[in-house]
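Fit chain L to the given chain H structure using the hints.
Protein chains in written order, with this note's numbering: chain H, 1 to 112; chain L, 1 to 116.
In short, the hints are calculated from the structure, not lab data.
Backbone N, C-alpha and C define an ideal beta-carbon position, used for all residues, glycine too.
Some hints could be false.
Claimed, not checked - Some chain H residues close to chain L (C-beta under 8 Å, calculated; not the full set):
no., residue
1, Y34
2, S41
3, Q42
4, G43
5, P44
6, Y46
7, S91
8, N98
9, M99
10, L100
11, T101
12, F102
13, G104
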Amino acid sequence: DAKTTQPTSMDCAEGRAANLPCNHSTISGNEYVYWYRQIHSQGPQYIIHGLKNNETNEMASLIITEDRKSSTLILPHATLRDTAVYYCIVSPSKNAGNMLTFGGGTRLMVKP
Amino acid sequence: DSGVTQTPKHLITATGQRVTLRCSPRSGDLSVYWYQQSLDQGLQFLIQYYNGEERAKGNILERFSAQQFPDLHSELNLSSLELGDSALYFCASSVFGSGSSYNEQFFGPGTRLTVL
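If we strip away everything but chain H, and leave its shape as in the complex, we get (with noise of 0.2 Å):
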């Protein structure tokens, strides 16, 4: 499975638009890009994936490069409860199972 990179923390201010990016540069052609969040040691919670056409969704953006090698979560208006570990995950369409593998995540504060 494709490995992915992401920042270790960001801020961002309450009302503004939080902008989460992930470098996912070995992705193959048929793996997707999804999006977890996990609110402080809550179950992770599904946000988006997508392909390689942008997504939107109620809660987020996603934004897929044209090489899809990297991708950008937007949260457009973020609040105090969009603080979490955001978590950019690489999955294969096709395989034994689906599983999904987390790395380290962004950990987001928004801040008032």
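Relative to the frame of chain H, chain L by itself:
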């Protein structure tokens, strides 16, 4: 609320003991996953079951075992416990077992295991 339930919430036990963690997946989900989260190792995949059968195995110790029952609930058994087994244990469930682009997993609240 993800719809995944885990019991117990907290468990305190001694080294050498054996414990059982229980997970009930979301209604309709056939896959159950177990993950361990410790301070030094982060979130690690342990094992996956799909419709009662083992589907994938991660870094699960031989002292640990799991099963999924006909009603789809799952149990993770940890034996000969060591101090280093202290961690949060999460169960997750999903509709699919493999080969799907839609890999949304729903996580339970976790069981915090403390081994003294």
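Now the hints, each set against the structure:
1. Proximity of Y34/H to chain L holds as hinted, the smallest CB-CB distance being about 6 Å (cut-off 8 Å).
2. At a threshold of 8 Å, the smallest CB-CB gap from S41/H to chain L is about 6 Å, leaving the interface hint in force.
3. A hinted interface residue such as Q42/H counts as satisfied when its beta carbon comes closer than 8 Å to some beta carbon of chain L; here the least separation is about 7 Å, so the hint holds.
4. Checking G43/H against chain L: minimum C-beta separation of about 3 Å stays under 8 Å; hint holds.
5. A distance limit of 8 Å between C-beta atoms decides the matter here; for P44/H the minimum to chain L is near 5 Å, and the interface restraint holds.
6. Using the Cβ-Cβ criterion of 8 Å, the hint placing Y46/H at the interface with chain L is satisfied: the shortest such distance is roughly 5 Å.
7. The interface hint given for S91/H is met, as the beta carbon of that residue sits about 5 Å from the closest beta carbon of chain L, less than 8 Å.
8. At its closest, the beta carbon of N98/H sits 5 Å from a beta carbon of chain L; the interface hint therefore holds under the 8 Å criterion.
9. Interface hint at M99/H: satisfied, since its Cβ lies 4 Å from the closest Cβ of chain L, which is below the 8 Å cut-off.
10. Taken as an interface hint, L100/H checks out: its beta carbon lies about 6 Å from the nearest beta carbon of chain L, inside 8 Å.
11. Because the beta carbon of T101/H sits about 7 Å from the nearest beta carbon in chain L, less than 8 Å, this interface hint is met.
12. Contact between F102/H and chain L, as hinted, is supported at the beta carbon level, the nearest pair being about 4 Å apart and thus within 8 Å.
13. About 6 Å separates the beta-carbon of G104/H from the nearest beta-carbon of chain L, less than 8 Å, and the hint is met.
Consistency with the previously given hints is maintained throughout, with no hint failing.
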